[in-house]
Structures are given as structure tokens and as C-alpha cells.
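Student: For reference, the chains in residue letters:
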Amino acid sequence: MSAGITAIGAPSLSQEVRRFARFLLSEMRPKGPVLTPFNVITAVIVLASAVILVFRYVFGLGAITNLSQDVPWGLWIGFDVVTGVAFAGGAYVISFLVYILRVEKYHPILRVTVLNGFLAYLFYTGALLLDLGRPWNVVNPIIGNSFGVSSVMFLVAWHFMLYLMALFFEFSPAVAEWLGWRRVRRIVGAMTLAGVIFGITLSILHQSGLGALYLLARDKIHPLWYSEFIPLLFVVSSIFAGLSMVIVEGSITRKVFHHRVGARLRATHDDILFGLARISMAVMFVYLFMHLLVFVHGQRGPYLATGWGAWYLLELVGFTAVPAVLFAYGCQRRRLPAVKVAAVMALVGILLNRLNVSTIAFKWYLDVRYVPTWMEIVVTLGVISAELWVFRWVVNRMPVLDFAMTHGDRPATEPIAARTAA
Amino acid sequence: MNRRDLLKVLGAVGGAALAARPARAEEAARAAGADDPVGVLVDTTRCIGCRMCEFGCAHANGQANGLEKASFDEELTPQRQTSDKRWTAVQRHVVDGRTITVKRQCMHCLQPACTSACLTKAMFKTPDGPVTWRAGKCMGCRYCMVACPFDVPKFEFHSAVPRIQKCQLCVTRVAAGEQPACVASCQAQALTFGRRGNLLDEARSRIYTQPGRYVHHIYGEHEAGGTSWLYLSAVPFDRIGFRTDLATTGYPTFAKEFLYAVPQVDILAPLLLLGLARAAAGRNTDADEEGDA
Chain V
1 MSAGITAIGA
11 PSLSQEVRRF
21 ARFLLSEMRP
31 KGPVLTPFNV
41 ITAVIVLASA
51 VILVFRYVFG
61 LGAITNLSQD
71 VPWGLWIGFD
81 VVTGVAFAGG
91 AYVISFLVYI
101 LRVEKYHPIL
111 RVTVLNGFLA
121 YLFYTGALLL
131 DLGRPWNVVN
141 PIIGNSFGVS
151 SVMFLVAWHF
161 MLYLMALFFE
171 FSPAVAEWLG
181 WRRVRRIVGA
191 MTLAGVIFGI
201 TLSILHQSGL
211 GALYLLARDK
221 IHPLWYSEFI
231 PLLFVVSSIF
241 AGLSMVIVEG
251 SITRKVFHHR
261 VGARLRATHD
271 DILFGLARIS
281 MAVMFVYLFM
291 HLLVFVHGQR
301 GPYLATGWGA
311 WYLLELVGFT
321 AVPAVLFAYG
331 CQRRRLPAVK
341 VAAVMALVGI
351 LLNRLNVSTI
361 AFKWYLDVRY
371 VPTWMEIVVT
381 LGVISAELWV
391 FRWVVNRMPV
401 LDFAMTHGDR
411 PATEPIAART
421 AA
Chain D
1 MNRRDLLKVL
11 GAVGGAALAA
21 RPARAEEAAR
31 AAGADDPVGV
41 LVDTTRCIGC
51 RMCEFGCAHA
61 NGQANGLEKA
71 SFDEELTPQR
81 QTSDKRWTAV
91 QRHVVDGRTI
101 TVKRQCMHCL
111 QPACTSACLT
121 KAMFKTPDGP
131 VTWRAGKCMG
141 CRYCMVACPF
151 DVPKFEFHSA
161 VPRIQKCQLC
171 VTRVAAGEQP
181 ACVASCQAQA
191 LTFGRRGNLL
201 DEARSRIYTQ
211 PGRYVHHIYG
221 EHEAGGTSWL
231 YLSAVPFDRI
241 GFRTDLATTG
251 YPTFAKEFLY
261 AVPQVDILAP
271 LLLLGLARAA
281 AGRNTDADEE
291 GDA
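So the sequence lines, in the order shown, correspond to chains V and D.
Those letters in the first sequence? Residues 1 to 422, per this note's numbering, in order.
Those letters in the second sequence? Residues 1 to 293, per this note's numbering, in order.
If you're looking for bench data, these hints aren't it; they were derived computationally from the structure.
One thing to keep in mind: the hints can contain errors.
Said to hold, decoys possible - Residues of chain D clear of chain V, computed beta-carbon distances all greater than 12 Å:
(1) ALA60
(2) GLN79
(3) ALA122
(4) PHE155
(5) ARG206
Claimed, not checked - Derived pair list, reagent style DMTMM-like, types lysine to aspartate or glutamate, alpha-carbon separation capped at 25 Å:
(6) D:LYS85 to D:GLU75
(7) D:LYS85 to V:ASP367
(8) V:LYS363 to V:GLU387
(9) V:LYS363 to D:GLU156
(10) D:LYS256 to D:ASP245
(11) V:LYS363 to D:ASP238
(12) D:LYS85 to D:GLU74
(13) V:LYS220 to D:ASP128
(14) D:LYS256 to D:GLU221
(15) V:LYS363 to D:ASP245
(16) D:LYS256 to V:ASP367
(17) D:LYS85 to V:ASP70
(18) V:LYS220 to D:ASP238
(19) V:LYS220 to D:GLU74
(20) V:LYS220 to D:GLU257
(21) D:LYS85 to D:ASP96
What the hints assert, rightly or not - Partner residues aside, some chain D positions facing chain V, computed with beta carbon under 10 Å:
(22) CYS118
(23) PHE157
(24) PHE193
For glycine and all other residues, C-beta sits at the position ideal for the given N, C-alpha and C.
Just chain V, with the same shape it has in the complex:
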């Protein structure tokens, strides 16, 4: 990197390259004990996933999944992609709060949220490749020989891809600081706002686009879950899904990576969580009201008396209205445990909603229901495990949880030794 070299001064190019390679190699080494229960369990899952995927690519999707001609999309789309993307919505909401509205209160969790979002998208796009029957053709909608512009999927693919780049761009200051590239850091820092604006726009459209995919399945999805407002409901629910995920992830991250948490984040962590809870609650009431409008307008009353009606109420009352009230209670009384329970419940509600639209209420009239195989579940867990490994590796090295301290410089001494490996 010429920028880095000129900034530093005299050393020759080969010296600099060697120094850089040594630095990267040293950073590759795990920091902390390797044989922890978490590492052993996730390693087994990832290895098992690799074996299963060999079967998948040799014998086809049918060899390891319960997908059928009736149910072309299963767990890998319904959970990994449709639910995972909603859970990753925190990145664009926090970016909006910090960069557009300039609410500095949320600045300390910005980088970790953006990192989470970036890795989520990276790995979910990866999971999508596992599900594609002919993945070698995945470049077709990009290189221009076959633009299916009438397809919602085409828009989702493009917005996904561009958003992945926008997220990396948004996170790149942390990478530049880690590598000590001051000039790169200055350049990417100066262009952040443009990247953020671009990223939020892309998010609104691919979050809603994932719902819009199902607009064509009008006569296959149970009427309680199908409406022409699916795109709007998806984008609104991604706001509180993303924030609830930030609350849950933030609580876990703070414990596991406590040695990496900066003073500012430590001091304001609870305030941040209460603030996020308050925003989530407000958005959840808006979401519930929209559902009520769709329910009344669509004259769906008669369906409530059926089993599907009970399932619908469980999702919207049990796991959306109840956590919204619990958020309100937690904020009012400043009870952090209540907020955390509400966040988990809200996530379950979103999980139910996305799975209902994509698999459970999809072809609800069939006698034979789709249930994922254990292999589909293991591969899903494998994707999550791999993502957690990369997340841990990055958090333990780059200024993610505490970035006020390192403004363009690599810290001269190692911080406190990491407790977890990698």
C-alpha cells in the first residue's frame, strides 16, 4: 500500500511488504485457549456441515433436504435468508440514528452493529449459494447478458450485493485503523456519509423486496399472511427485529468481549439498550396497527376461528404485542432484564412471521407438511458458527467495541489478552 508507505517514511517496498505479511501472520494466530467447549462444539458442527455439503453438491439438493416439487424453498431460504436479513436490520437503523439524525448516544455501538450486519449478509449470501441449484450461473444477473428486470428477485439480488459493499465500506475505517493505514482511513472516513445514505436506501428496498418476492404467491400463502402490504410490513418489522437483535447481541458481546469494551460503551451501555427498546416499542405498535388495518380491510375475521387463526394470534399477540408492552414496562421502570426478555420474544415473533410467510403458511392446504431434515438444520448452524468465528476474530483485533482510543494508529502494545480463542 503506497499510502501507508509514504506516511511512514523511508523503508523500502520489500521491507514494508515483509513487515505487513509478518503482521498479518501474527494476527492470524488465535488469541487465547483453543480447546474451549464453544470451539469444540462449533468445530464439530462446521465439519459435519462440510461433509453434508459434499453430498449436496454430488447428489443434488434432494439428497440432504426435504425440499420437494411442492415446497421449493425451505429452511435455508426461510430462516437463513428471509429471517436472517430481518435480524440484520440493526445496521441500517443504527447508521440512520448516528449519521443522519446525529444521535451521538448510539455511536459506541455503531461499529459492532455494522460488523454484525456485514457478516450476517456475507454469510447469508453464502448460504444462498448452497441453496442455488446451479450456483455457477449466479453471475448471470450481474454481468448483463440476462437482466431479468421484471423480477423482484433481480432487484433483491442487486440491492443485496450493493448493500454488502456499502456495509464493508462503512466498516472499512476500523480495518484501516487496524492496519495503520492513515491515509486510507482519512479517505474512507470522508466518504462515510455517502456510503451510509446509499446503504440505508438499499436496505429499505431489499428488506421490503424480500417480502415482495411472495407477492406472486398470492394463491399459495394462507390469507392471514398474504396481503399486498407484505413489502411494507417486512420493512417496518425489520426495524424492530434489527434493534431487538442489537439488544440481545449487545448484551452477549459485552459479557464475552468485556476486555475489548471501551470506557465510553461501558458507561452508556444500559442507556443505549433502553433507548433501543423505546424505539423498538414504538415501531412495534406501528407494525401492529398496520397488521390490524390489513386484517380489517382484508375481512379476515372468519379465519380467526380456525387453527391457523390461533397460530396467527400467537405470532401477533403473543410474540409482538406482549413484547411491545414488556419493552414499555422495562423502559418505564428501567428494568434491563425485562427489556432483554422482550427483545428475545420480539425476535421469536419475527422468526414466526418470516417462517409463516415463507414455509409454514406457504401451501397451507397441502396434506404433507415440509419439515427440514436434521442436515438442513446442521448446515444452518454451521453457517452461524462460521460467522461467529469470524466475528470473534475481528472483534479481538480491530477497534470495534472501543474505537475512540485508536484514531488511525495501531496500538503499540497488545491490549489485555483475549479470553476466547481466535
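Start from chain V and add chain D according to the hints.
Tutor: Quick look at chain D alone, frame taken from chain V:
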């Protein structure tokens, strides 16, 4: 925020707008698809369930290996469907003690949901009407299967190089002036090949001349916005395995509003966000990521 930033944002917006050009494929296909595509009229009152159409189809499309001897004795159930090895399937329904056999295959919609769903244009409606599939473009996402109101596209789940399998309305034979293989094999004159407009006339004249023989409905005239395959029946269509609750508009219509909204959001949202950012600027001097503090 200065002029350079504004230009960057505008550049980004332009890119997004290019990526999200509105969808006109289905309109184009409809216009080119000639006003009068080729089609087939199926008169289920004439069908004797001999399944010669199935065998003709399998031989013409290189699927004869799949026809084991045992399949001759296969029972024709109402649930019998097309599959990744069989592009057409004859079902047998018993309605009020009366046996009715029905040939099923791709309906070749005038505005196909599958082609509008396809992000690589692998599903492709030829100008003359047949909806075909192109291996070199398909990435195997199976969105066509989710979108199709008739559940026609089938996927080779047990192949490392899977293909989408469905009736192609013998597009090469038709282009050469021949009849589709199933029509050519039909011994009972249950299948009539022709231009859709003529087939509709023929179907109506059969209903008018023998009103007691048919229900007064041509399945496919309006279903899913109209299909190239048309059906006549002696009993209501929902009794012989057809969905009668389908929309009468083309299925691509359901995604159209969203698709038209996308470029607008792509252009308006960044401007709105930029305005908000500028309005909120200056309130707080702790700008960490923007420039060096």
C-alpha cells in the same frame, strides 16, 4: 457535507436507479407474443385416458428412458402430477360415478408468472407463445416454482446439475410447422392445436352447439390472465383438479406496483436522507468517523 459529497451521493443514486430499471418484460412479451399465440384446446369429454400423449411427449423430448414398462400399468389417480421426468400427466377423476380423464401440463400463460419471476430470463416466453427454459442462464433459485399459480415448473432435486423441467409446447416442432408431439399422438381428437383465437371460437361453438355436453366455461380463457392451453369439461372444473380460485389478471401484475416503486425510492430516499443529515448537522461536534478529530 459539501458539493463533492453531494456528487458522490448522486452518483450512488444513479447507480442504484440503473440497477433498478422498471419492469416491462411482460408487456413486451405480450406485444410481441403476437396477439394470437399458438395453443391447444383440450376437450376432456373426448379424452379416453389412453395416455398416448404422455408417450408421444416422452419420445419427442428424450424422456423415453423414464417410461418403464411398469408405468403402463400405473394407476391414474386424481393426484397424478407432472414431474421432472414427465412433462405431461393424465389424471383420472371420478365425478358422480362418471370417469373423467384430464391431461395436465404447463398452461403457457399469456403473462407468465414464472418468466416475470426469473431474474436471469432463463424462463422465457417465445414470441409465438411457448414458455421455454434456457439452461445456460438458470441459476436454480426455483423462484419460478414459487411463483407459478399452476405449480408447473419441476426441479431435478436429485441431480448435481439440476434443470427446471416443464412442457415447452414443443417449441422447435411448432416453429417447423408441426403439431406438438402430444397433439400428434392423440387418437381421440381430444387435443386441437391452433391459434388461441381460433381455439376459443372452436370451444365456444362446441358449447353452443352441444350445451348439454359442457359446462359453459372455458378454463384458461381468463384464468391467470389467460392461458394458451384451453380446457372444456362436462363437470365444474374444481371437480377435476383445477383451481378455480385463481386471479383473472396476469400474475406479474401483483408485483408491478412494488417494482415501479423501487426506482422512485432509489432516487427519493437518498435526497431525503441527505436533507435530514444536513438539517441535523452542527448540533453535535463529536464526528468520529468523518475526518480526523
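Student: Could you run down the list of hints and mark each one as holding or not?
Tutor: Against the structure, the hints:
Distance to chain V confirms D:ALA60 as a non-interface residue, since its nearest Cβ pair spans about 22 Å, more than 12 Å. The non-interface label for D:GLN79 is inconsistent with chain V: the shortest C-beta to C-beta separation is roughly 10 Å, within 12 Å. With a minimum CB-CB distance of about 7 Å to chain V, D:ALA122 fails to clear the 12 Å threshold, and the non-interface call is violated. Distance check on D:PHE155: its Cβ comes as close as 6 Å (rounded) to a Cβ of chain V, failing to clear the 12 Å threshold; non-interface status is violated.
For D:ARG206, the requirement that its beta carbon stay farther than 12 Å from each beta carbon of chain V is met, with the minimum near 29 Å. Proposed proximity of D:LYS85 and D:GLU75 is supported: the alpha carbons are some 17 Å apart, at most 25 Å. For a cut-off of 25 Å, the pair hint linking D:LYS85 to V:ASP367 stands: about 23 Å separates their Cα positions. Pair hint V:LYS363 plus V:GLU387 does not hold up; C-alpha atoms about 32 Å apart against a cutoff of 25 Å.
Of the pairs offered as hints, the one joining V:LYS363 and D:GLU156 holds, with about 20 Å between alpha carbons and a cut-off of 25 Å not exceeded. Taking the CA atoms of D:LYS256 and D:ASP245, the gap is about 21 Å. The hint holds against a cut of 25 Å. The hinted pair formed by V:LYS363 and D:ASP238 meets the criterion: a straight-line CA distance of about 17 Å does not exceed 25 Å. Our distance criterion of 25 Å between C-alpha atoms is met by D:LYS85 and D:GLU74, whose separation comes to about 15 Å.
Pair hint V:LYS220 plus D:ASP128 does not hold up; C-alpha atoms about 29 Å apart against a cutoff of 25 Å. At most 25 Å may separate the alpha-carbon atoms for a hinted pair to count; D:LYS256 and D:GLU221 meet this at roughly 22 Å. Using a Cα cut-off of 25 Å, the hinted pair V:LYS363 and D:ASP245 holds, with the two alpha carbons roughly 14 Å apart. The straight-line distance between the Cα atoms of D:LYS256 and V:ASP367 is roughly 32 Å, outside the 25 Å bound, and the hint therefore fails.
Annotation: proposed proximity of D:LYS85 to V:ASP70 holds, straight-line Cα distance about 15 Å (limit 25 Å). Only pairs whose Cα atoms come within 25 Å are accepted, and V:LYS220 paired with D:ASP238 is accepted, the gap being roughly 16 Å. For a cut-off of 25 Å, the pair hint linking V:LYS220 to D:GLU74 is broken: about 29 Å separates their Cα positions. Our distance criterion of 25 Å between C-alpha atoms is met by V:LYS220 and D:GLU257, whose separation comes to about 20 Å.
For the given pair, D:LYS85 sits about 32 Å from D:ASP96 by alpha-carbon distance, which is inconsistent with the 25 Å threshold. For D:CYS118, the interface hint holds, since its Cβ comes within 10 Å of a Cβ in chain V; the closest pair sits about 5 Å apart. Interface hint status for D:PHE157: upheld, as the beta-carbon distance to the closest one in chain V is roughly 3 Å, under 10 Å. Because the beta carbon of D:PHE193 sits about 27 Å from the nearest beta carbon in chain V, more than 10 Å, this interface hint is broken.
The structure is inconsistent with the numbered hints 2, 3, 4, 8, 13, 16, 19, 21, 24, although it conforms to all the rest.
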